[in-house]
Amino acid sequence: MALTPTKQIPLGFQAPEFHLQDIPTGNMMTFAAVKGEKGTLVMFICNHCPYVKHVMHELIQLGRDFIEKGVGFVAINSNDVENYPEDSPEKMKIFAKEQDFPFPYLFDESQEVAKAYDAVCTPDFDLFDANGKCVYRGRLDGSRPGNDVPVTGSDMRKALHQLLNGEEIPLDQQPSMGCNIKWKKV
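According to my numbering, the sequence shown is numbered sequentially starting from -16.
Don't read these hints as lab results, they were simulated from the structure. Using N, Cα and C, we set each Cβ at its ideal position, and we do this for glycine too. Some hints here could point you the wrong way.
Straight-line alpha carbon distances no greater than 30 Å define the calculated DSSO-like cross-link-like pairs of lysine-lysine that follow [claimed, not checked]: (1) Lys141 <-> Lys52; (2) Lys167 <-> Lys21; (3) Lys(-10) <-> Lys116; (4) Lys76 <-> Lys18; (5) Lys80 <-> Lys98; (6) Lys141 <-> Lys167; (7) Lys36 <-> Lys52; (8) Lys116 <-> Lys52.
Pairwise CB distance ranges (calculated) [stated by the list, open to error]: (9) Ser137 <-> Val169: 22 to 28 Å; (10) Glu69 <-> Ala99: 36 to 42 Å; (11) Pro68 <-> Gly149: 41 to 47 Å; (12) Gly53 <-> Pro(-1): 20 to 26 Å.
Construct the entire structure; sequences and hints are all you get.
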């Protein structure tokens, strides 16, 4: 595990389309299918990452709090499951059920979606406005495993409220940090 920050790239890019299977339901999903009326949060996560496990309860609560307000949520696992079997689709299904995910949990087997979004860590977040333009690419909050800062989701909640209220989201954003995405060996 290498502690990796979100890759800082210019905001304003359009959400890349995808066509991935929602592992818990078996349904094929696209960005258009998960897109919310007021915005969409795309989260790159996995089952085994201690950084994801540390904030999982808050990610679920965010979904419960904001999906009903018109924000679409989707989680995507892009890890190499051959070398990290804890992130396999079978385990994803169990993890999503145990955690009672209120959002789809998609499997990016080819890792092309992670590359299209420039995702590099878990968790990695992209918040898009109603037009599919990226407006936030930062952290959930300042909590990390072992730093004794409570998990509140404060940074993401602020960005979501600004999005819903039509306010400008400041460009000065702290990157998320977590385990690096487990890329397949080529």
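Evaluated hints:
no.: 1; hint: Lys141 <-> Lys52; in the structure: holds (14 Å)
no.: 2; hint: Lys167 <-> Lys21; in the structure: violated (35 Å)
no.: 3; hint: Lys(-10) <-> Lys116; in the structure: holds (17 Å)
no.: 4; hint: Lys76 <-> Lys18; in the structure: holds (22 Å)
no.: 5; hint: Lys80 <-> Lys98; in the structure: holds (27 Å)
no.: 6; hint: Lys141 <-> Lys167; in the structure: violated (35 Å)
no.: 7; hint: Lys36 <-> Lys52; in the structure: holds (25 Å)
no.: 8; hint: Lys116 <-> Lys52; in the structure: holds (18 Å)
no.: 9; hint: Ser137 <-> Val169: 22 to 28 Å; in the structure: violated (39 Å)
no.: 10; hint: Glu69 <-> Ala99: 36 to 42 Å; in the structure: violated (25 Å)
no.: 11; hint: Pro68 <-> Gly149: 41 to 47 Å; in the structure: holds (45 Å)
no.: 12; hint: Gly53 <-> Pro(-1): 20 to 26 Å; in the structure: holds (21 Å)
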